[in-house]
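Student: Here are the chains, one letter per residue:
Number of protein chains: 2
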Amino acid sequence: MAEDRIVKPVAISGFPEWLPQVRLVEQQWLDRIRATYERYGFCSVETPSVEALEVLMSKGETSQEVYTLNRLQADPAAGSDARLGLHFDLTVPLARYVAQHFNELVFPFKRYQIQRVWRGERPQEGRFREFTQCDIDVINLDSLPLSFDAELPRIIHEVLTDLEIGGFTLGINNRKVLQGFYEGIGITDPIGVIRIADKLAKIGPNAVGQLLGTELGLTDTQIKACLDLAQVSGGAEVVDEIARLGSGGALLDEGLSELGFVMRELADLPAGSVVADLSIARGLDYYTGTVYEGTLNDAPGFGSICSGGRYDDLAGSFIRRHLPGIGMSIGLTRIFAKLVADGTITGGPLSPAQVLVIVPSDDRRPEALATAATLRSRGFKVETYHAADKLKKQLTYGSRKQIPYLWFPPFENGKSHEVKNMASGEQVAADPQTWTPSTWRSVR
Amino acid sequence: MAEDRIVKPVAISGFPEWLPQVRLVEQQWLDRIRATYERYGFCSVETPSVEALEVLMSKGETSQEVYTLNRLQADPAAGSDARLGLHFDLTVPLARYVAQHFNELVFPFKRYQIQRVWRGERPQEGRFREFTQCDIDVINLDSLPLSFDAELPRIIHEVLTDLEIGGFTLGINNRKVLQGFYEGIGITDPIGVIRIADKLAKIGPNAVGQLLGTELGLTDTQIKACLDLAQVSGGAEVVDEIARLGSGGALLDEGLSELGFVMRELADLPAGSVVADLSIARGLDYYTGTVYEGTLNDAPGFGSICSGGRYDDLAGSFIRRHLPGIGMSIGLTRIFAKLVADGTITGGPLSPAQVLVIVPSDDRRPEALATAATLRSRGFKVETYHAADKLKKQLTYGSRKQIPYLWFPPFENGKSHEVKNMASGEQVAADPQTWTPSTWRSVR
Chain B
3 MAEDRIVKPV AISGFPEWLP QVRLVEQQWL DRIRATYERY GFCSVETPSV
53 EALEVLMSKG ETSQEVYTLN RLQADPAAGS DARLGLHFDL TVPLARYVAQ
103 HFNELVFPFK RYQIQRVWRG ERPQEGRFRE FTQCDIDVIN LDSLPLSFDA
153 ELPRIIHEVL TDLEIGGFTL GINNRKVLQG FYEGIGITDP IGVIRIADKL
203 AKIGPNAVGQ LLGTELGLTD TQIKACLDLA QVSGGAEVVD EIARLGSGGA
253 LLDEGLSELG FVMRELADLP AGSVVADLSI ARGLDYYTGT VYEGTLNDAP
303 GFGSICSGGR YDDLAGSFIR RHLPGIGMSI GLTRIFAKLV ADGTITGGPL
353 SPAQVLVIVP SDDRRPEALA TAATLRSRGF KVETYHAADK LKKQLTYGSR
403 KQIPYLWFPP FENGKSHEVK NMASGEQVAA DPQTWTPSTW RSVR
Chain V
3 MAEDRIVKPV AISGFPEWLP QVRLVEQQWL DRIRATYERY GFCSVETPSV
53 EALEVLMSKG ETSQEVYTLN RLQADPAAGS DARLGLHFDL TVPLARYVAQ
103 HFNELVFPFK RYQIQRVWRG ERPQEGRFRE FTQCDIDVIN LDSLPLSFDA
153 ELPRIIHEVL TDLEIGGFTL GINNRKVLQG FYEGIGITDP IGVIRIADKL
203 AKIGPNAVGQ LLGTELGLTD TQIKACLDLA QVSGGAEVVD EIARLGSGGA
253 LLDEGLSELG FVMRELADLP AGSVVADLSI ARGLDYYTGT VYEGTLNDAP
303 GFGSICSGGR YDDLAGSFIR RHLPGIGMSI GLTRIFAKLV ADGTITGGPL
353 SPAQVLVIVP SDDRRPEALA TAATLRSRGF KVETYHAADK LKKQLTYGSR
403 KQIPYLWFPP FENGKSHEVK NMASGEQVAA DPQTWTPSTW RSVR
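Residue numbers (my numbering), protein chains in the order written: chain B, 3 to 446; chain V, 3 to 446.
Possibly wrong hints are sitting among the right ones.
Simulated restraints, written as ranges between beta carbons of each label pair [as the list claims (entries may be wrong)]:
1) V/S145 with B/D300: 47 to 53 Å
2) V/S440 with B/P439: 26 to 32 Å
3) V/S426 with B/P439: 36 to 42 Å
4) V/L397 with B/G219: 55 to 61 Å
5) V/A389 with B/V430: 54 to 60 Å
6) V/S379 with B/G237: 22 to 28 Å
7) B/A269 with V/R124: 55 to 61 Å
8) B/V430 with V/E123: 54 to 60 Å
9) B/A269 with V/S379: 16 to 22 Å
10) V/M424 with B/F109: 17 to 23 Å
11) B/E217 with V/A389: 37 to 43 Å
12) V/S15 with B/A269: 48 to 54 Å
It should be emphasised that the hints constitute simulated quantities derived from the structure, not laboratory data.
For clarity, every value in this text was computed on a predicted model and none was experimentally measured.
Where is the CB? At the ideal position from N, CA and C, for every residue including glycine.
Model the full assembly from the supplied sequences, consistent with the hints where possible.
Tutor: This is the structure:
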């Protein structure tokens, strides 16, 4: 412990870590998300944290962000694991997993995956380099029923409601509507328009209009039609509105029919929480139909809290089968860290224990241990105090750890057990075999 | 999908991944381990997957195995995250965590941590480069009560029993006993003996005896005494046996008193499942008192399934406080992969769903969706079939996914719901509001 040997521990930017009381709430979030995903019959998959670089690079667009692994050795040039990289999302691993285990999966393959992902971003405020994503996807062979386009946002809606993150909006759009509409008004590069339209929330309609003119050479009439379309939002009825704005065509009709179906399926959800929003473009090339984007109503500038969409061919880089899919992803760490930072989440108790069993004396320690064992066998979470310390010290420990009940085994023969409710201060005689607590306080 | 663009997906040696039915069992293991740790009031902590290299290297002994992170960039020389490495265990991160958050923790700090760790081993059969460890530790300020030396193996015993991995033995020893005993017979380098004695299970007593002579210059009498000590095993009574073998001394007495206490505390556990085993040395330098090592009774050659011990000063590299600790770690992936490989674990069903709701027709799809929603609101895990396909196709899907109940909403107005138990073949009328299944089959 000489002066020069101390390594001062400091947080590493972009790699979040929580105190136990906050971790307890995060754990509850993870449990709830998983429970909802499973309630809809999705199975759990985890993949290794690493993939071969050629797998990660198969879409060829994110090389800046990939962390590669190297072994730390006396001679750094001798590293031999440089062909491995940490996964930067859970979609590429899913595609590889489905291709690799194709013959052993039952389709439609419905899986959820809750794992950490890594992105080698430059350190900056609010950017995470390690974070947890909660993905849910369905992959099928050859064709994928439209019912899933409605089921996924329903599941995500249930998850977000359950997490009590405050008001949110799930926006839904359809790439076929955008592409069909653009083609219908004579635009030859609809994907180009989608890429530019994706910037609408960030740069506003005027700047988007300008870009459409300068970069793609659209006419003023075309620009106005594109911007009018992006203004459209609402329920299933927007389908008619868009049909009136546009000039028909098979692709537009198909998209409108799909969008209408999804919106009608979700019509039972609370008003305004799911909207057809024609401004959602999702810049990524691989989306081909329904696209999703969720936002917090009270923090529109915070950006997307979940997103996803339908892709025609998930695993085409890895297998010669046609595997359409649809998926959504919740950016857990991003939302959670925001609610911690703004004080919405303050943390649970410092111990998961429901009961702290007091040790009256060394002689009576066996009785304390037996009492704890009885309570545990009945499913309670129980700490036994670790020594026959002065009562005051034991009480202080229980109160600092915010354990809701203190249990006093008999201090003398012939006396009964007593239990104290720390919230109410009430202390009563109790039997460890039959005792039932009042309701636990909820944790946030 | 041109020929040259296909990247054939293959498993990466040392990075395990499971099919959904096996992952389901792994998930249950993780749930059970966590539940037991929490039942004893330990809080959950997760740390980032990476630490600063100077933190990882603070013990200065494992540089060969550390994976460092580098960003994949056009110019590989420009990588700037090389000072970060993936953690290779959960003890170094715990030490750093406790030092960093020292003022915000309540001591004794009792935490569990279930996370992946990485070791840059050369790829070889049975060696994992990414695996999950399940650690449980207690850290206290200045001194740590001996009760924890007995509580930790009790918790681990409960976990391993609960996992039904077959017969196991938790061996317990005490470094003070070894060191005091060696010193008592005139050995000047007791730590050297511990390092060599640690090889006993691997190379046998003859080879160990030889090494003690050639490397440390022990006399034949000293070697015989060391090997005799390593033969000792049993319950609390071994304390007297060792006292007879050795030549006293304060350190030996202290160690025997500690070992005796721990063994007496655990005397209620099934005979033979916890033994004082004087052959356990645990080569690592930082253990100072109780040490643990668990093995499978039917696979002694498989080596350790869990291990741990007491260390006098956990975080001395990071903070100027005296923080003794004690911990145990279960090598989850190692045990789990073995039981998968030898066929003990064959996997659960392919879906977590308990019920598959059949869709009689497009017209009746809303009723199927409403039925599923009702069952889910009652806590059941439910898949709704994704389209109004032919009944046979729907039944095949349910049976391939091994979903235990099929639910038939009314096929005509006025008819009732019916539910079929796939195990018994029995099909009965049922009400989604009140139905209760027979017991679920257990999953292994």
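Student: What hint numbers does the structure not satisfy?
Tutor: none
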